[in-house]
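Engineer: Here the protein sequences line up with chains R and Y, keeping their order. Take the first sequence: its letter number 167 is residue 167 in the working numbering, and every next letter is one higher. Take the second sequence: its letter number 57 is residue 57 in the working numbering, and every next letter is one higher.
Since the hints were made in silico from the structure, they are not lab data. Careful: at least some of the hints might be erroneous.
Cut-off 25 Å, straight-line C-alpha distance, at most; resulting in silico cross-link-like pairs (SDA-like, lysine to any residue) [stated by the list, open to error]:
1. Y:K10 with R:N283
2. Y:K45 with R:S72
3. Y:K10 with R:C266
4. Y:K45 with R:T163
5. Y:K10 with R:V254
6. Y:K45 with R:S160
7. Y:K10 with R:P306
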Amino acid sequence: MAIVINGSGTVTGLSVGGLPDGTVDEGTLATDSVTAAKIPASLENTFVSGRKNLIINGAMRVQQRGTASVTSGYFVDRFQLSGVSASAVLTSSTPTEFPTAISVSATSGNPIVIQKIESKNCQHLSGQTVTASFYAKNISNATTLYAKLSYAGSVDNFGSSTTISEQNLGALSGSWVKYTASWTVPAGGLNGLMLNILCAGTSTFTMGVTGVQLELGSTATDFEHRSYGEELALCQRYFHQQGRQGSDGYEQFVNIAAFSTTGARCAYPLPTTMRAFPSVTSNGSFQTITGLDITAIALADSGGNPSVGLNFAVSSGYTVSYAYTVRSKNDADAYLQFDAEL
Amino acid sequence: MIITNAKYKKVHGTDANGSVTATIDGVVMSVPLDTDNRHYAEILKQVADGDITIAEAD
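Just chain Y, with the same shape it has in the complex:
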């Protein structure tokens, strides 16, 4: 997967990160913080490999 523009999004009304918005293979996706989700698992892998970073939420 080619992942760009990864950024956390907070749960509405809280300071907790709830999801990651990212462009994955050219498609903008809203990705839950669920390690069973293949997109989130790949985001974590690419972060661990130093290939991408996830920007903090606004």
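So that you can see chain R by itself, here it is in the shape it has in the complex:
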């Protein structure tokens, strides 16, 4: 083999095998000489960063409702439970990476931990492979673990849904283990996706779950930890609660203006634009700081986004055009809830 040294000091004719150990150190590589095309797809997934997790509140740290336990419906933010006889938030004996988890129990059937992903966040997924990963544990008598991915029958409407597949992930370990499952999303997935994590068991059985992630690609990468503030803001697109924050029972809620002796209104500012016009629920005792008891709180009109018109009724005593501040009336459990969940 001819080795040529030209006048500028460049050597040609060397094969790679002719290099001392077949490697090129960092200093030898020209800047930007490694392109994306040269990175294997399996490795490329490890470089994905920022907003890769389609699941909101996967670490289960946000719990605006503050309920200790539910048997169905929404529990920690964005997670819905079904088929459950009891649930609890776990703050000890959780995986090292996750200070919070939930446990779900059942006496028959399958307790299911559900998160629905709205259509707007699924528009890039048709024909793509997605991978779910989560930590789960057999706390007592839980046997087999399953993961199911479904899609909504129409845009954001899960009244009917189609199962892509339910995967048997095998025996549920007695210690926290990271489980994974992958699916290819059909075109119908653009209507919105629903991830179900469920288990079977005997007698009264209990499963722990946390660290839920669903991401593009066929590889489960490390969990994307977002700041608490970011996660809370993401949750508030679907649910917002004001109240239960103070301990003295006199929490300030909103300013209102009277339009009659029994009715007053406000434009309640939501913390973010919600997914849909929210349903409104009030709980507990409220009063104006001038001492008028609020007898009813309801939507003033057809709703709104990102502010909601609310009426605050009293039996009598408002002065038209006067402004009042509404507070809880010696009730630390008083709250307003705004629900635009799926």
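Got chain R; can you put chain Y on it based on the hints?
Structural biologist: Below, chain Y alone, put in the same frame as chain R:
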């Protein structure tokens, strides 16, 4: 969802229905007439199925 006592509520100062007040799974809710709202979508479904009716507003 178990829905009872569904009743329209008018927009203040008009004759237009603005919301539905209903007891949903035991909780009294004020529900906007927004088909993207899951509670209203379910109310419409149960009305269509003949399971409930919505009372006229006062």
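Engineer: It remains to establish, for every hint, whether it holds in the given structure.
Structural biologist: Status of each hint after checking the structure:
1. Y:K10 with R:N283: holds (22 Å)
2. Y:K45 with R:S72: holds (20 Å)
3. Y:K10 with R:C266: holds (17 Å)
4. Y:K45 with R:T163: The given pair, whose Cα atoms are some 22 Å apart, holds under the 25 Å limit.
5. Y:K10 with R:V254: holds (23 Å)
6. Y:K45 with R:S160: holds (11 Å)
7. Y:K10 with R:P306: Status holds; Cα separation ~21 Å.
Consistency with the previously given hints is maintained throughout, with no hint failing.
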